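Peer 1: With the hints as a guide, bring both chains together as one complex.
Protein chains in written order, with my numbering: chain P, 1 to 266; chain A, 1 to 255.
Simulated from the structure, these hints should not be mistaken for lab results.
Note that the coordinates shown come from a computational prediction; the quantities given were computed from them, not determined experimentally.
The C-beta atom is built at its ideal place from N, Cα and C for all residues, glycine as well.
Errors might be hidden in some of the hints.
For the chain P half of the interface with chain A, some residues (derived, Cβ under 8 angstroms), not all of them [to be verified]: (1) 38; (2) 41; (3) 96; (4) 115; (5) 120; (6) 124; (7) 125; (8) 133; (9) 141; (10) 258.
Cross-link-like lysine-lysine pairs, in silico, BS3-like; alpha carbons within 30 angstroms at most [as the list claims (entries may be wrong)]: (11) P/110 / P/146; (12) P/186 / A/131; (13) P/56 / A/86; (14) P/167 / A/18; (15) P/148 / P/212; (16) P/123 / A/17; (17) P/55 / A/250; (18) A/249 / P/58; (19) P/167 / A/197; (20) P/146 / A/93.
Some chain A residues judged to face chain P by a derived CB distance under 8 angstroms, without partners named [said to hold, decoys possible]: (21) 1; (22) 2; (23) 6; (24) 7; (25) 10; (26) 11; (27) 18; (28) 86; (29) 93; (30) 95; (31) 97; (32) 164; (33) 166; (34) 170; (35) 249; (36) 252.
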Amino acid sequence: MSIFSRFRKKEKDSTPTMDKEVAIEVTDLVMEFKITKDKIDTLKEYVIRTLKRNKKEKQKIRILDGITFKVHKGERMGVLGFNGAGKSTLLRIISGIYEPTEGSVKINGKVAPLLAISAGFDKNYTGKNNIFLNGAYLSMEENYLKEKYDEIVEFSELGEFINYPVKNYSKGMQSKLGFSVATAIKPDILILDEVLGVGDIKFKRKSSAKIKSMMKDGVTVLLVSHSIGQIKKICDRCIWIEDGKIVMEGEAKEVCEAYVKSSKKK
Amino acid sequence: MFDTVAEKKFLLKQLVKKDLTAKYKDSVLGILWSFFNPLLIMLVFTAIFSMLFGRSIENYPVYFLSGRLIYDFYNSATKGAMRSIKRNASLLKKIYVPKYMFSVSAVCYEFVNFLISFVILFGVMLITGAKFHMTSIYAIIPIFLLVILIFGVGLILAVCNTYFSDVGYLYNVFTLILMYASALFYPIEIVPGTVQKIFSLNPIYSAITCFREAVVYGVVPNFNTLAYLAAFAFTVFFVGILLFNIYDKKLALEI
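Next up, chain A with everything else stripped away, as it sits in the complex (with noise of 0.2 angstroms):
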């Protein structure tokens, strides 16, 4: 059972597919739900802080929606990491299915989503006037790591998520308070240097400013924030699969 990778590959690709279709198949407008809720909190913040920090932030919508898709991204794929295991209990029970292929699909299934979601930062530059840069490609990188990084926290959380199902709250304000520590819609100038210096240990504000400079400001992204990114996201991810590799065969007595 699952000896080959084409076995595996088919299996993501299904799981992944479930998830799409059960998402946009039902719904009449489809695949633009996924485009109006990142939509709506950019007019919200854009009509309540561009006043505020508009002198300061030069284009508040793009800077707000660059890094909102990071953090959403980060914020669902991990969740849905999380709950993978325990959702498909009942299957897990009864057929053998590599445990870890749940969780792979959440994330694969929310960096669809996210990939989808760029049509709306695409959409938002083109009717501000923004600037395209062709250092644009150099996002790849944080977006990589990133996903590196939502891999390792993923399987920790789908872990500890099933041996304790209070987990997740903990985790909800816990993203919470990442959501404010990773100056999502006001400049880090704002806040007092020692607070700044500790921000920065954030790995989401890394990606986001990394991606920033890269697709906002035209420059190549800070390399120290970038090795910064890179070491804690490998560190993670392995950390992620070792804790996976150990409690993976006891996860079927507790689910």
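With the rest of the complex left out, here is chain P (with noise of 0.2 angstroms):
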């Protein structure tokens, strides 16, 4: 998002027009990519090509094609679809990573997007600089982070290998790390893309237990899976994409049954 316009859109934002109990917004959602087969990336083609005019046509691919939904505050939301119905682009449209080419998105409140929790490491950091790094990159401030600190280490039960470079960790002592940072905020809304649970049977308790616990304070959930058991059990309400568009939004569990048995059609 650019320089300015977020201003802009924190005024938005504030103005009394939005309904209070609405945590996302999400109106008519477009979202198209350009795609060609042989990509202009350099300079020279650039300018051969136009001098030749031989330009290839773009291809536009629609990935979301006209969505629009809510969630109230508190509410948990699932997400349902096939590979490459566009759940992805969808959440990271949300956290806003992608900017939609029509429509817009509405959020209200403080987010915490646990869609790649250990993307921001820097290998050859500590456990403890990359906790203030990672910390950083998911917009907290630094008294904040400071006051956290013990608690994010105990959490990742990393304990003396916190001094210890990440590169030396194992898959799973990084995604313990990621985890304790990046549910360290007290978010308004909380963005899942099937972390739920990472590292060995005793921290996947754990971490269950900590989002569990978050969504007891009352925190709204937005979560894609392809779990329809963790949906049934987490989720109040259910959309389905295909292709783009929205087939079914309602009830967690009527939603999940429709899916199923369209999955067992096909």
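Peer 2: Now the structure itself:
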């Protein structure tokens, strides 16, 4: 998002026209990706092609096509869909990574995207430094992180290893640390892409417990998952996306059943 | 996300710290490395050219070093900013972080290196018995304008480099030309008058001239040169911000 439009957006968010009870409001969301068979990625080629007038037509692919839904405060919304339906794109737009081609997303509150929990790690950095770096990426403030530091280390179960570079960590240790940092925020909205439960069985139990306790505090949840069981257990409402459109929206149980039925047909 | 200034400041601090530790942590000589490069180049240039230009330049090592430090800062900071978006592509695809933060942090990181390298200039001035002038304080003005210019150029290059991967090579050639047109190692008087006029349009040369006037010659920098540098720097700065704003949203799809 651009430097100026962020300010503008903030103003918009605080206007009283927005329903206070709504946490996420997605209206008529359209996302198009432009793809070409041979992408021009050098200036030389660009100039030559322009002179020769043989620029390949760009093909547009619609990943999302008019998605509209609302998530109210404290509600837990599940997102279902087969591979390539546009679920990840939707989450990326909601967390601000992509700008939608059309439509709008309004968000009311602090978002904690648990999408790529160990994406921001610097492998040569110690675990301790990475807590601060990752916290900064997740837009936490310095004093807040310092306050939470002991809690994060304790939760990550890394002990002495926190002073070692992350490149020496196992995959499990990395995701434990990533999870501990990402959940250190007190978010209003939690965005999950099947990260419930990372690490070994012990930590899995602990991390699910942590997410559950966050949910108890009235956090709004948006969960993308292929596990029907998980969605049935956690969510109260659910949307089912196929080919960038919402096929069904309603009670989690009903949508899950319909989804399972359709998967058997194919 | 990143609505308050404190959050952005903390991120900037962390990013600069990350780069600095990466540079200095595991090397035995640590911070001394950043002294070696300009010092060695200065020795080489002094050995070669001080015989040639020694008569017209009073203190050749200081003359050369004062220009070289400014040029090095411009060169590495703009190139750092240019690569900043692509370097962090995998991260930018996964979590939301304002993209310009990476460009800004690249410039800040090089600025810290630039400040560290002043130690060498100070040392060389001591050894060669150069005079220290009160007017050195005026050097802040051309340095500030240079930073503004670097931000502008850096933002423009960051956008271009994301779209076209060969912009980096072109820019390498450009900076080489810029170096020769900055009178780093020769007195400007040796080039013909018309060429001098063309060189005086080079903002890096303007910055170097003002810096030398304040630090080496002990005079207040020429107002016209400063004004030209300021106009150039701020124009590029605003063009950079404007361009970055237009393409900011599209960059995530290109990386």
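Peer 1: Is the interface hint satisfied for residue 141 of chain P? The criterion is a beta-carbon contact with chain A at less than 8 angstroms.
Peer 2: Residue 141 of chain P check passes; min Cβ-Cβ to chain A is 5 angstroms, inside 8 angstroms.
Peer 1: Hey, does the residue 125 of chain P contact hint survive, CB to chain A under 8 angstroms?
Peer 2: Check passed: Cβ of residue 125 of chain P comes within 7 angstroms of chain A, closer than 8 angstroms.
Peer 1: Close enough to count: is the Cβ of residue 95 of chain A nearer than 8 angstroms to one in chain P?
Peer 2: Given a least distance of 6 angstroms, the restraint on residue 95 of chain A holds.
Peer 1: Holds or violated: the hint that residue 115 of chain P contacts chain A, with Cβ atoms closer than 8 angstroms.
Peer 2: Holds, about 6 angstroms.
Peer 1: Residue 110 of chain P and residue 146 of chain P were given as a pair; does the straight-line alpha-carbon distance stay at or below 30 angstroms?
Peer 2: holds, 19 angstroms
Peer 1: Hint validation: residue 93 of chain A versus chain P, beta carbon distance must be below 8 angstroms. Holds or violated?
Peer 2: holds, 7 angstroms
Peer 1: Given the hint that residue 167 of chain P pairs with residue 197 of chain A, test it: the Cα-Cα distance must not exceed 30 angstroms.
Peer 2: violated, 54 angstroms
Peer 1: Let's test the interface hint: is any C-beta of chain P closer than 8 angstroms to that of residue 2 of chain A?
Peer 2: holds, 5 angstroms
Peer 1: Let me know if the C-beta of residue 10 of chain A comes in closer than 8 angstroms to any C-beta of chain P, holds or violated.
Peer 2: holds, 5 angstroms
Peer 1: Go through the hint on residue 6 of chain A and say holds or violated, using the shortest Cβ distance to chain P against 8 angstroms.
Peer 2: For residue 6 of chain A, the interface hint holds, since the closest Cβ of chain P sits about 5 angstroms away, which is under 8 angstroms.
Peer 1: Just to be careful: measuring from the Cβ of residue 166 of chain A to every Cβ in chain P, is the smallest value less than 8 angstroms?
Peer 2: holds, 4 angstroms
Peer 1: For residue 167 of chain P and residue 18 of chain A, compute the direct alpha-carbon distance and say whether it is at most 30 angstroms.
Peer 2: holds, 15 angstroms
Going down the numbered hints, you'll see the structure goes against 1, 10, 12, 19 and 28, while the others check out.
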